[in-house]
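So you can see what is in the structure, the chains are spelled out below.
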Amino acid sequence: MSAIVETQGLTKVYGNVVALDKFTHRFEKSRIHALMGKNGSGKSTLVNVLAGVVQPTSGQMSLNGKDMHFSSPADALNANVVTVHQELSLVPELSVAENIYLGRMPKSHFLGISKIDWTSARTKTKILLEDMKLEIGPDAIISSLSVGQQQTVEIAKAMSFNPSLLLLDEPTSALASKEVEMLFRLLRRLRKQGTTMMYISHRMSELAEIADTVTVLRDGKHIGTVEMAETTNSDIVDMMFGNVAHNRPAERVSQADPNNAILKVQGLSRKPAYEDVSFELFKGEVLGIAGMLGAGRTEVLRSIFGADPFDSGEIIVDGQKIKDPDPQYMTEIGLGYTPENRKEVGLVQAHSIHNNLSMASLRQNAPLGIITKAAERPGVIKQVDNLHIKIDSAEDPVSSLSGGNQQKVVFGNWMNTNPKIMFFDEPSRGVDVQAKQQIFKIIWDQAEKGLSSIFVSTELEEMLEVCDRILIMREGRMIGELDPSQTTLTELYTACMEGL
Amino acid sequence: MQITQFFRRHPMEIILIVMFIFLVFAAPGFATVNNQLNVLRNITMQGIIAFGMTMIIVSGEIDLSIGSGVAFSGCVTAWITRELVDVTGPFFAITMGALTAMAILFGIGVLTGKLRQHFNMPTFITTLGLLTVLSGAANLITDGFPITSFPYEFNFLGSGYLFGIPFPVYIFITLFALVYFLMNYTSFGRSLYAVGGNLEAARLSGIDVWKTKTLALGLTGVFTAIAGVLIASQILSGSASAARGWELDVISAVIIGGTSLFGGKGTVRGTLIGVLFLGVIVNGMTLMNVSEYWQYVVRGGLIIGAVWMNHALDRKVKA
Amino acid sequence: MQITQFFRRHPMEIILIVMFIFLVFAAPGFATVNNQLNVLRNITMQGIIAFGMTMIIVSGEIDLSIGSGVAFSGCVTAWITRELVDVTGPFFAITMGALTAMAILFGIGVLTGKLRQHFNMPTFITTLGLLTVLSGAANLITDGFPITSFPYEFNFLGSGYLFGIPFPVYIFITLFALVYFLMNYTSFGRSLYAVGGNLEAARLSGIDVWKTKTLALGLTGVFTAIAGVLIASQILSGSASAARGWELDVISAVIIGGTSLFGGKGTVRGTLIGVLFLGVIVNGMTLMNVSEYWQYVVRGGLIIGAVWMNHALDRKVKA
Amino acid sequence: FATTALAAELTIASIVFQQDQFFRTIQMGMNSAADEAGVTLLEGNSESKPEKEISLIDTYIARGVDAIVISPVSKVASIPALKRASDAGILIVTYNSTIDDASIPVSYLNSAQRDLGNSTGQLAAEFIKNELGGKAIVATLGFKALLPEISGDRVNGFLEEAEKGGTLEVVSQQDAWLAEKAIQVAGDIITANPNINIIYAANEGGTVGAVQAVRNAGKAGEIFVFGIDGTEQLVGFILDGDNVLQAITAQQPYVMGQMAVQAAIAAAKGETVEKTVIVPVLGISRNDQSAAQDFLEYLKSL
Ligand SMILES: Nc1ncnc2c1ncn2[C@@H]1O[C@H](COP(=O)(O)OP(=O)(O)OP(=O)(O)O)[C@@H](O)[C@H]1O
Ligand SMILES: Nc1ncnc2c1ncn2[C@@H]1O[C@H](COP(=O)(O)OP(=O)(O)OP(=O)(O)O)[C@@H](O)[C@H]1O
Ligand SMILES: [Mg+2]
Ligand SMILES: [Mg+2]
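Protein chains in written order, with the working numbering: chain A, 1 to 500; chain B, 1 to 319; chain C, 1 to 319; chain D, 1 to 302.
Misleading hints may appear alongside valid ones.
As the list claims (entries may be wrong) - Okay, derived cross-link-like pairs now, DSS-like style, lysine-lysine, Cα gap no bigger than 30 Å in a straight line:
(1) K420/A - K441/A
(2) K83/D - K129/D
(3) K265/B - K265/C
(4) K265/B - K114/C
(5) K124/A - K211/B
(6) K265/C - K390/A
(7) K321/A - K265/C
Claimed, not checked - Where chain A lies over chain C, by a calculated footprint (3+ residues, C-beta under 8 Å):
(8) 206-213
(9) 273-286
What the hints assert, rightly or not - Residues from chain B that keep clear of chain A, each with C-beta distances beyond 12 Å, as calculated:
(10) S187
(11) V195
(12) R203
(13) N289
Bear in mind the hints are in silico, worked out from the structure with no lab data behind them.
All C-beta atoms, glycine included, are put in the ideal place defined by N, C-alpha and C.
With the sequences and hints as input, model every part of the structure.
Right, dumping it as structure tokens:
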């Protein structure tokens with residue numbers, strides 16, 4: 001049940017990119033090793049190599065002193081090396097139980113014929129989920145769960161393996177505090193049982209709580225490893241970025257114009273996702289909506305943007321009532337929406353960075369329906385520069401970017417439309433500390449120029465930092481409003497959990 | 001309440017029943033036992049293949065070559081029978097022929113899977129090419145003339161009766177049960193859904209995604225060969241022009257049965273309904289002596305209508 | 001170095017050139033100007049449709065009905081011509097007929113798109129149903145006998161020469177240029193790629209995904225009708241048996257040209273190569289008097305081989 | 001110029017419109033004639049599609065063949081391309097089917113399609129009069145959706161003659177030209193009309209299917225099949241003791257193929273050829289077993 005992992009000169013090359021550069025390190029057993037590094041530094045690549053998802057270009061790795069060669073994820077699983085991947089990897093049409101036991105459903109025997117034992121699969125799943133204190137039924141279909149819930153299912157799935165080495169690639173990026181607590185409880189228990197873990201996160205605050213050691217990567221290279229107890233967050237940031245870090249954001253003054261409600265929502269309902277939602281967004285404001293997992297924030301934003309229908313209620317943009325919103329019309333009148341699950345719905349993975357950055361502004365750039373790449377290039381260059389997107393060439397497919405850089409592309413795509421109103425649903429998901437600041441800065445800069453935005457994030461610290469005003473949402477209802485400058489983290493957390 | 005629920009969840013069953021009742025009154029001779037047995041025998045061959053095709057489509061692939069595959073396997077069987085019959089007697093010769101046909105089509109299915117795996121070649125195009133290749137091969141084997149090497153007794157397989165029921169119907173039922181079991185109670189079957197629903201997730205879960213797809217393609221090859229042998233038995237010869245255009249009928253049946261062309265979703269039970277639906281349409285229209293041209297229009301319209309109904313009701317249930 | 005690069009990036013061009021050179025030596029009469037013009041004229045009709053099909057497939061859909069669509073539009077044109085010619089004279093009558101055919105097929109394409117939009121009906125199945133319906137309709141219009149209402153001059157459209165080049169070739173080139181422009185320099189064209197690459201992402205980026213798909217389907221309907229009129233002109237009649245099975249040829253050409261069946265990827269330039277490839281194969285084999293049966297085998301094999309090469313090299317470039 | 005050409009320098013293109021044994025036998029006949037004369041024979045198949053036919057003809061024009069021997073897909077749709085070929089100085093010989101413009105082909109060889117139907121019809125008339133007491137309930141299987149003109153000739157030709165044997169009640173007219181499809185359709189027809197006693201099928205596949213369907217239904221001796229085409233399998237059915245297939249009419253495809261190529265060669269050499277040649281058809285009936293036996297021997301000798 002325990003594992004010492006050693007890597008010797010582990011290298012992975014993608015085309016011109018050295019994603020992992022002679023990575024050599026020994027990960028001691030029964031400990032939680034945090035992997036830190038900015039976007040594109042090679043963390044996921046390391047995990048993917050260890051998990052048998054990709055094969056290293058060169059170098060060796062060993063498990064408890066024995067060489068390991070994984071030619072497929074199946075090999076890794078057989079060696080009890082289990083991974084929670086950065087991007088969700090569940091089968092949407094299948095049930096929770098089947099996803100958890102995918103490829104290893106319990107069997108029973110009848111007349112010498114082995115067949116899947118569905119009852120047992122359900123029971124085992126139920127026990128597992130109850131143990132994790134999750135309120136999800138074993139028969140629920142994955143596609144009907146919110147992203148956060150899906151993330152917890154993935155964690156449950158990993159737990160069901162009894163891993164000796166557990167690799168967690170940003171498991172908390174879609175989780176709110178309550179679920180993060182749940183996860184940490186589980187991880188501590190596993191550590192006690194001897195499981196070795198690698199843990200990737202961009203949330204510095206989590207490290208103190210859960211990590212034993214911190215290993216920092218930069219440009220695929222091993223920069224250093226320190227004991228968590230003997231280090232500080234700023235030391236880690238230094239290692240991650242070299243000495244260019246530490247530009248704490250300037251205090252800012254709210255640009256909101258309380259006399260100009262650019263967006264009014266009245267009595268919006270779609271049961272059971274949300275009910276009777278009313279609020280106003282002022283010109284130049286950064287409005288936060290805070291809430292626990294599944295509170296209904298995403299659903300409300302999608303409905304306003306016209307991506308999903310609603311049953312009743314009114315949406316008024318700039319004094320004009322919108323009858324049947326659809327994304328196309330809303331884009332036209334100056335709204336924008338960055339979705340929370342970029343891989344599935346934010347990007348066209350096979351297409352170039354150029355095309356992805358020009359998608360939402362396509363019609364703006366082509367007033368007569370005619371378009372050329374040259375007309376789009378300034379916008380592409382601008383976003384790559386502004387957001388420091390780490391690219392080789394804008395013609396590479398966006399799928400070749402690291403998770404965080406992909407998120408920046410989603411963001412840049414919308415910035416190119418010069419929107420009046422933006423909805424940011426988890427814009428900092430999977431983005432490193434520095435890039436996060438860049439994104440926030442852009443949101444503020446734009447606010448100064450008159451952009452009004454709604455900001456949704458599972459990270460409450462972030463909400464306090466970014467927003468001018470925070471609405472609280474619980475179980476599908478707007479239950480109140482807070483002024484971030486007058487609110488502590490604990491207060492915000494309590495408000496989300498228990499109401500005002 | 002219960003009934004509307006059932007209706008919404010199983011629209012095709014209802015459509016089938018409505019059509020059935022209509023035909024009982026409108027089509028002379030439709031309601032006789034004989035005719036019903038006839039319908040059953042007529043759907044056997046395409047049905048068998050449709051069961052296999054369900055697995056392929058659920059796994060996210062497709063096979064367009066089955067029409068030629070049927071003709072090819074009939075011709076191979078007839079040819080081997082002709083070559084061996086004098087030496088080994090008809091029983092052994094035919095058995096050898098049929099087994100050879102199954103082995104070849106299994107191999108071709110596996111090859112198709114390998115091309116998909118190693119070169120990412122869409123099965124759509126590989127099997128489209130095979131459609132032509134196998135048709136050419138069947139013609140080369142027969143030199144354009146049906147091979148009439150079978151003894152009359154061989155007719156039993158495709159046209160005989162056992163306990164009053166056409167013999168091929170037993171094969172049909174057996175294979176249905178087999179595929180039903182595979183798809184619901186084996187790792188292979190569940191892997192089909194996983195692989196078709198999210199290939200990458202399946203791979204990350206340790207499923208051998210290529211083995212799964214390849215096996216589905218190979219098994220369907222075997223089923224195609226079986227259908228080919230049954231056809232050969234019915235027409236007592238191996239003919240290169242048999243089963244032309246079946247691929248589209250079979251795929252229609254699978255889709256009518258509610259299987260998603262995008263993979264990951266579908267049941268073999270639905271396919272059975274789809275097969276019956278098409279079988280009953282053809283039978284009913286022939287009995288009613290609908291003119292050939294109208295048959296085309298009605299048949300196409302009913303296919304579109306049935307799938308439309310399926311989707312329209314599906315939406316309602318979800319909303 | 002440069003050459004191997006080119007080879008890897010454009011395998012189909014190379015294959016085509018190699019085949020061409022081979023045929024210059026191996027196929028008597030292949031290298032004559034006359035024969036080359038012939039090849040061009042012969043590929044025109046399927047080529048026109050293939051250009052439209054490229055848009056459809058890139059947008060993530062498919063159209064299986066084009067074979068019947070061609071026959072149908074020829075029959076409609078001939079029929080309307082017959083009814084009107086005595087009143088309005090042939091020119092107006094034929095124009096009316098052709099426009100009607102285009103309008104109907106455009107409308108059917110739009111309808112297919114709407115069914116996809118509102119009921120999530122796969123275009124695969126809708127157009128498969130339409131394949132049958134349109135074939136039946138064409139037969140009903142003509143009652144099975146070709147309608148011979150065209151004056152001899154009408155033959156010019158499909159078989160005439162202008163400045164020494166077959167007239168349909170001009171239409172072919174014009175439509176190629178049109179589709180090339182649409183796909184590369186318009187927001188509609190870009191939307192095709194986005195919609196086919198990730199429907200939901202495109203929708204959330206404010207692209208009117210359904211209009212995009214529907215327009216692609218409608219335009220291809222128009223192209224199909226044009227091909228139908230050209231065929232009618234070539235055979236000087238409206239015949240319900242024309243163009244049977246074209247759907248598979250046209251789709252093959254598109255795929256051989258490198259377009260992905262999964263949508264989001266492909267070029268009309270590639271399709272042009274694919275169309276030429278198939279045209280040259282057929283012409284070359286006829287000239288070389290390859291036996292009918294071997295033609296099937298060779299053609300299917302070459303299709304698989306070409307696509308395989310395409311994919312195999314694509315992998316190399318990436319790695 | 002063609003009149004002085006040596007046979008050995010001639011190239012003749014041959015076009016069939018279907019891939020079946022009838023046309024295959026024609027091709028064999030053509031080949032034998034071509035070999036004998038030492039000319040080059042090219043083979044093409046238009047697959048019953050007018051546009052494919054055009055493409056073949058144009059290709060052969062480009063290749064510069066001396067003659068095209070063709071069974072046109074359609075009386076009218078095939079005219080423009082053949083006219084183009086003829087204008088290019090290529091001799092056209094039609095067989096099996098022809099075009100409405102009689103000025104284009106130098107020779108036309110045929111067993112008239114209507115004759116085929118008539119011949120089986122005559123045998124049926126006799127049977128109806130003698131065995132069924134002058135009253136028959138009839139179903140027909142054609143191939144209207146494939147080749148409407150020819151199918152119509154064969155079916156109507158049959159009915160026209162069969163009527164002379166008594167009163168006919170035609171209860172069902174359907175399409176089915178492939179054997180496996182014909183089994184289904186004929187089976188369905190028998191169910192719908194249990195009192196039916198004659199099934200006529202207008203081609204080889206349909207006839208095989210109809211016979212098998214009657215056998216499946218256990219109606220041997222009650223329903224009698226009349227068909228078209230003389231293949232080994234069908235002659236075998238005639239010789240079988242179960243009394244299902246009563247009569248067929250065989251064309252003589254081998255002879256037709258031979259004669260067509262010979263006509264093309266003769267015309268290319270500048271000899272005069274008959275404008276129209278009727279290749280006789282051969283009715284084969286269960287009543288004349290020895291003739292059937294002879295025909296089977298002949299087939300095997302090809
Ligand atoms: N499949 C691929 N093809 C090409 N390049 C890739 C591929 N996968 C990753 N890379 C590149 O490898 C580098 C490391 O990526 P990786 O995903 O490991 O970063 P990461 O540290 O996990 O970043 P993040 O925090 O944003 O998730 C990046 O530059 C990325 O663009
Ligand atoms: N596709 C869906 N089908 C059915 N129910 C859904 C679907 N998506 C979300 N829900 C449900 O709607 C409710 C609100 O989910 P929503 O995604 O809006 O929450 P959220 O506040 O954005 O939280 P998260 O952090 O999980 O995104 C949840 O109870 C969720 O289970
Ligand atoms: Mg990562
Ligand atoms: Mg959310």
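Please name the hints from earlier in the document that this structure breaks, with their numbers sorted from lowest to highest. 2, 7, 9, 10, 11, 12
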